[in-house]
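Novice: Sequence:
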Amino acid sequence: MSKRLKNILMLLGFVLTLQSLFAQRQTYNFNSDWQFITGEIEGAEATSFDTEGWTKVTLPHAYNQEEAFLKAIDEHSTGIVWYRKNFILPEAAKGQKIFLEFEGIRQGGDIYVNGKQVGLHENGVMAFGLDLSDIVVFDGEPNNITLRIDNDWHYRQRSTNATYRWNNINFNANYGGIPKNVFLHITDNLYQTLPLYSNLETTGVYVYATAFDISQASATVHVESEVKNEYDSSKTFQYSVAVFDLDNKKVAEFSGAETSLKPGERTIVSAAQRLNDLHFWSWGYGYLYTVKSMLKVDGNVIDEVSTKTGFRKTEFKEGKVYLNDRVLQMKGYAQRTSNEWPAIGMSVPAWLSDFSNRMIVEGNGNLVRWMHVTPWKQDIESCDRVGLLQAMPAGDAEKDSQGDHWKQRTNLMRDAIIYSRNNPSIVFYESGNESISEAHMAEMKSLRDTYDPYGGRAIGSREMLDSREAEYGGEMLYINKSA
Numbered sequence: 256m257s258k259r260l261k262n263i264l265m266l267l268g269f270v271l272t273l274q275s276l277f278a279q280r281q282t283y284n285f286n287s288d289w290q291f292i293t294g295e296i297e298g299a300e301a302t303s304f305d306t307e308g309w310t311k312v313t314l315p316h317a318y319n320q321e322e323a324f325l326k327a328i329d330e331h332s333t334g335i336v337w338y339r340k341n342f343i344l345p346e347a348a349k350g351q352k353i354f355l356e357f358e359g360i361r362q363g364g365d366i367y368v369n370g371k372q373v374g375l376h377e378n379g380v381m382a383f384g385l386d387l388s389d390i391v392v393f394d395g396e397p398n399n400i401t402l403r404i405d406n407d408w409h410y411r412q413r414s415t416n417a418t419y420r421w422n423n424i425n426f427n428a429n430y431g432g433i434p435k436n437v438f439l440h441i442t443d444n445l446y447q448t449l450p451l452y453s454n455l456e457t458t459g460v461y462v463y464a465t466a467f468d469i470s471q472a473s474a475t476v477h478v479e480s481e482v483k484n485e486y487d488s489s490k491t492f493q494y495s496v497a498v499f500d501l502d503n504k505k506v507a508e509f510s511g512a513e514t515s516l517k518p519g520e521r522t523i524v525s526a527a528q529r530l531n532d533l534h535f536w537s538w539g540y541g542y543l544y545t546v547k548s549m550l551k552v553d554g555n556v557i558d559e560v561s562t563k564t565g566f567r568k569t570e571f572k573e574g575k576v577y578l579n580d581r582v583l584q585m586k587g588y589a590q591r592t593s594n595e596w597p598a599i600g601m602s603v604p605a606w607l608s609d610f611s612n613r614m615i616v617e618g619n620g621n622l623v624r625w626m627h628v629t630p631w632k633q634d635i636e637s638c639d640r641v642g643l644l645q646a647m648p649a650g651d652a653e654k655d656s657q658g659d660h661w662k663q664r665t666n667l668m669r670d671a672i673i674y675s676r677n678n679p680s681i682v683f684y685e686s687g688n689e690s691i692s693e694a695h696m697a698e699m700k701s702l703r704d705t706y707d708p709y710g711g712r713a714i715g716s717r718e719m720l721d722s723r724e725a726e727y728g729g730e731m732l733y734i735n736k737s738a
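Numbering (the working numbering), first residue to last: 256 to 738.
Worth flagging that the hints you see were computed from the coordinates, not collected in a lab.
Any given hint might turn out to be false.
What the hints assert, rightly or not - Within a straight-line C-alpha distance of at most 20 Å, the following computed PhoX-like cross-link-like pairs (lysine-lysine) qualify: (1) 586 to 572; (2) 572 to 700; (3) 490 to 517; (4) 547 to 563; (5) 340 to 371; (6) 547 to 505; (7) 483 to 517; (8) 311 to 340; (9) 551 to 517; (10) 547 to 504; (11) 483 to 349; (12) 483 to 547; (13) 505 to 563; (14) 700 to 662.
Kindly produce the complete structure, drawing on both the sequences and the hints.
Specialist: Here it is, written out as structure tokens:
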């Protein structure tokens, strides 16, 4: 074979390798190379806007984070702040799906891409997604994303003019801007959706276990994925699952039925298998598995999602909490959700989240009850790793809500359940920081039963010891209503 032919074949192989790389999902950390400035600025969303004088930052970043513990939270700086970033997409991603995942902004923000508004997010605590597929450009041309964010304590939802009751000076430290992570996802047009209901209205992957036999270290593991076909033609695919232990050793592989989807159609696909020799997640034992769910066309993987999760058995009966067939007396802390440190606020590195949460475990605590808004995903995953049970609230102050305020709370609980239902450390869903009506409690239970029916989590509220709907009540006691 001639040297020239060898070089041509090598080049062809390189191109094909690039194509195969981008045939599967790619997820990029989107935290670097941002700029920000405070104050209202006319036309700052324009792609060609001059950013001279703007400050370079890396996310996560709260523009007032230096005020942590220096000022009382009701004195934290508020106002308008702008964030901008330019980015170039790989050419191999042309024609694929492009998504952005924000873990959260504070409080409300308009999002622009290439000068066009692509989204609005206002609840101040929860993750949300954006589909940029039809807006971004390729061919080496830069794209621009700009956010205008307002963290006013009195911010009002535009569609209703209602405030957000958890945007509260008594407990919800106001770290404004983009204080959490951002990710860019590139997927095939046949793909497993993201667990980002706000804006995208998708539910992603759901992993859970049933039929536990603790003494035999076995359980049946179920994996479900919402799959969407955005090709112009029908697609047939196989759903496959691989499970890896903490040492990245494959311990199981199984498949679901072959499925066909028409253009624009979406469905839930599933697969399940009995697994033996399992390590059960527990207090102080944050054993996590990696579950890879894959879509295969003609035997080739075109989409793969990795989910970190753990398997544990919970029961709430006889007035007791059972974890892996053992009674666990709940004791711990009601920690402010911001979980901040001096000078850097809530936007801490992951190792510092582990340090904070591990101190609770090492101090003989087994539960953290976050006050009173849903926690940052980084803290949720940290509790998974260190083996700390947690109660996940939606958003509240200290009383029941009605009308638009109640709708805000149920929407937040829905989004939070979908986003974090694969995290084993979450054992309680908290519907309110005070008693709510029986009808409202039933509505919250319905959300749990719709989006997390098999996760082994009790849902209740502070107080509500006399409720027939709440599954627990009390302060840190978490009294089980089954007694």
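Novice: Would you mind marking each hint as holding or not holding in the structure?
Specialist: Verification of the hints:
Proposed proximity of residue 586 and residue 572 is supported: the alpha carbons are some 18 Å apart, at most 20 Å. For the given pair, residue 572 sits about 17 Å from residue 700 by alpha-carbon distance, which is consistent with the 20 Å threshold. Restraint check: the Cα-Cα separation between residue 490 and residue 517 comes to about 7 Å, which is no more than 20 Å; the hinted pair holds. For the proposed pair residue 547 and residue 563, the alpha carbon gap of about 9 Å is at most 20 Å, so the pair holds.
The hinted pair formed by residue 340 and residue 371 meets the criterion: a straight-line CA distance of about 14 Å does not exceed 20 Å. A C-alpha spacing of about 10 Å is found between residue 547 and residue 505, which places the hinted pair at or below 20 Å, so the restraint holds. Distance check on the hinted pair: residue 483 and residue 517 sit about 9 Å apart at the alpha-carbon level, within 20 Å; holds. With a C-alpha separation of about 10 Å, the suggested pair residue 311 and residue 340 falls inside the 20 Å cut-off, and the hint holds.
For a cut-off of 20 Å, the pair hint linking residue 551 to residue 517 stands: about 16 Å separates their Cα positions. As the CA atoms of residue 547 and residue 504 are separated by approximately 12 Å, the hinted pair is consistent with the 20 Å bound. As the CA atoms of residue 483 and residue 349 are separated by approximately 18 Å, the hinted pair is consistent with the 20 Å bound. For the hint pairing residue 483 with residue 547, the CA-to-CA distance comes to about 18 Å; that is within 20 Å, so the pair holds.
Proximity of residue 505 to residue 563 is assessed by CA-CA distance (about 14 Å); at most 20 Å being required, the pair is judged to hold. Pair hint residue 700 plus residue 662 holds up; C-alpha atoms about 15 Å apart against a cutoff of 20 Å.
Every hint, counting from the list given before, is met by this structure.
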